[in-house]
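> Once you have looked at the hints, place chain G on chain Y.
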Amino acid sequence: MLPLVDKSALVGRSLGDLAARLREIENRAVGEPGAAVRTGWVEVDAALPEGGLRAGALHEWCGVGGVGGDRRAFATWVPPLLMLAHLARRAGRAWSVWIGRRVWLHGHAACAALGGPERSLWVDAPDAGSRLWAIEAALRCPGVVVIADGSGFDSAASRRLQLAAASCGALGVLARPAAELAEISFASTRWAVSPAPGGGLAPRWMLTLVRCKGVRAVDSPRWMIERTRDGGLGCLSPELADGPGAQVAAS
Amino acid sequence: MAVYLPNWPTDLVRRWRRLDAGTPVVLSRCVHQTEVVASACDRAARRGVRVGMSLAHARALLPDGPRCVEPIDDWRVARALRRLGARVTRWLPVVSIDGVDGLLCDATGCGLLYRGTDRLVRTVAGNIRRWGVRVRVAAAPTFGAAWALARFGPAPEIVTESAHLGEALAPLPLAGLRLDAGTLFEMKRVGLERIAHLLPIPRHALADRYGSSVLLRLDQAMGRAFEVVTPLRATEPVIAEREFDGPTDRPEIVALASRGLLARVCDALHRRESGCRLLELRLVRADLSPLTLTVRTARPTRDVRHLWSLLAGKLEGAHLGFGVCGVRLRAGALAGLPHQQAGHWTPDTAPEAGPDDAAIARLVDTLNARLGVGSVRELRPRESHIPEAAFAMDPVVELRGSGPVPELSRLDRPSLLYDVPRRVDVTFLSPDGPIALVRHAGQSHRVACGTGPERIEPEWWRHHAFHDAASHDARDYFQIKIEDGRVLWAFRAGGAWFLHGLWA
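Line order of the protein sequences matches chains Y and G.
Following the working numbering, the numbering of the first sequence begins with 544 at its first residue and continues without gaps.
Following the working numbering, the numbering of the second sequence begins with 582 at its first residue and continues without gaps.
Excised from the complex, chain Y in its bound form (with noise of 0.2 Å):
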């Protein structure tokens, strides 16, 4: 068996051409890159490392909660909805397929973020193991982005859907409570969504960069996104969002 790398020809290299290639290496294991989905967020798309969300990847969506007390967190979790459905949109897929009938918006912000309800399929599924079966049947079909409900997986359980997206090229966008963003997952990037105080009666989210492959986790990059006067879904830089600046525009 040839040997996988060639140690002759990585003497002399600069570290960035090491991590190219290494890079070349793990998109090989996973299969051919996708093009990126722009998040239509410019100061989010400048940190990933393709400039927007890998298609044929996983991505996690960590966070945003119910309301209800403390010790009832889970059972009152709610997920990011309307991050997801506005990544569902940029996603740019003839399709949409919604699993799990958490992530199921109502019809009014679906029509509004989708721009119709048509192309948008709901799918419920009884218990975890058939959630997973079905995101992953629906993960291997072509030209659809998965958004789904993956409170209670694993990182098998994770592994198995990026292998599934991987395949097919698909986009697939997990939601999970925030308590889980401590387990270990294969996604290819991990965000945390919470709710933030602040700015007029526009409800506001922090976002956070927990984890994207390929990118060193330093400092967890975080954005202030709002949702805008359209219905849309807006970055707000950080010199308005809060501090000195808000209350300047204020005043």
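By construction, these hints were calculated from the structure, which means they are not laboratory data.
Every clue listed holds true.
Residues from chain Y shown here face chain G by an in silico Cβ test under 8 Å; the list is partial: (1) 621; (2) 638; (3) 648; (4) 649; (5) 663; (6) 664; (7) 665; (8) 666; (9) 667; (10) 668; (11) 687; (12) 739; (13) 740; (14) 744; (15) 746.
All residues carry an ideal CB built from backbone N, CA and C; glycine is no exception.
For chain G alone, kept in the frame of chain Y given last:
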């Protein structure tokens, strides 16, 4: 032989709705933005309801008490007539659909089987009548004469021999000749009302005055011109079956046989250039009732691999009992599926075009087969401004392309709506002042800002206006932003406060 169904649409509605014979039935149709009567039953006609009068007038004429007034479903009525025609082929081989309320049948030589044409006529009329449909049947040497006698003849069942054709037709009105309304009106103006009036007029004079169609219709009725009908043709069902030598309880044998049948069925579909949306596998079990496994697909298909993946899942869990004696596979809900050119290169298509839809249809089938029908839903807007009633999640039965997009209100609605509104306690700083505190599930949330109210009134024209019976009052909705940044949608109804959704 002609079969005429005078009250066909109303008889059908009476049958579908299981109404008793005393209930008047009136069907309406929208013509030039006016609801007019399209069909009325005998009982309604006796009260003066006529086809073409306005629906409001007809309603006024109908007696108080139970009545059935509804719009006519032309498509369904036509389909029912085709089904009736298919049933009539039980007695006569050649049956054709005649307009919206009649059948024309070729009864040549069939009378011998029933010991006389009159018995045949009685059999057909009696059987149709038994289904609760008023019917008039006439047998005559020509289609034209039978048509006229069935509609305008003196009795509901008439048999005419060729020798008496002329005298049977003579007293009938001219409408029996299937002439258009304009010609009939012109003839009536000069006093021509019955077929007998036409017979002494020279043929060239008729043709000059009213056109050659009158002569043709007259000749067709009298047997001097040919007339052809288009018979209903029953399509051969796509069925493949296999009998075993003896009962077998080995699942792999049943699976192998089913796979073979599926290949045959798909082959037959391929030859027909069609696909099926329904597959029924019937297992004939020894000492047990036959078991039918059904597979439905979202789009017509004849893909063996895909259909087998659906069928195999069903077959795994099937109870074979003491053994299976035979299997039978039937493809239903056939639809045209044109052959496709097999390309060497993958076609360069837009992302929203065909191939993706085929893949998504396969996905829907797979999910439906494993998780149960109804697990895959689609969003359907409804005409309502009540938030929980504005959309329905309907099971996907058939995958449609994008249809017309209904106009949605531009109102701001939350992304999550609770199925049942939750009770919350709300504290005000002052009466009718801004909300200061929202208390839910044992936790207090200080309010940062808010807006409202947006009033939603119950829909008084419906019975079930709101989801829960607790709030039959109007609701005042408020958007409330609590201090940690979440935005809630709460409403006040009848003095109580409820949490209905949030922007997540």
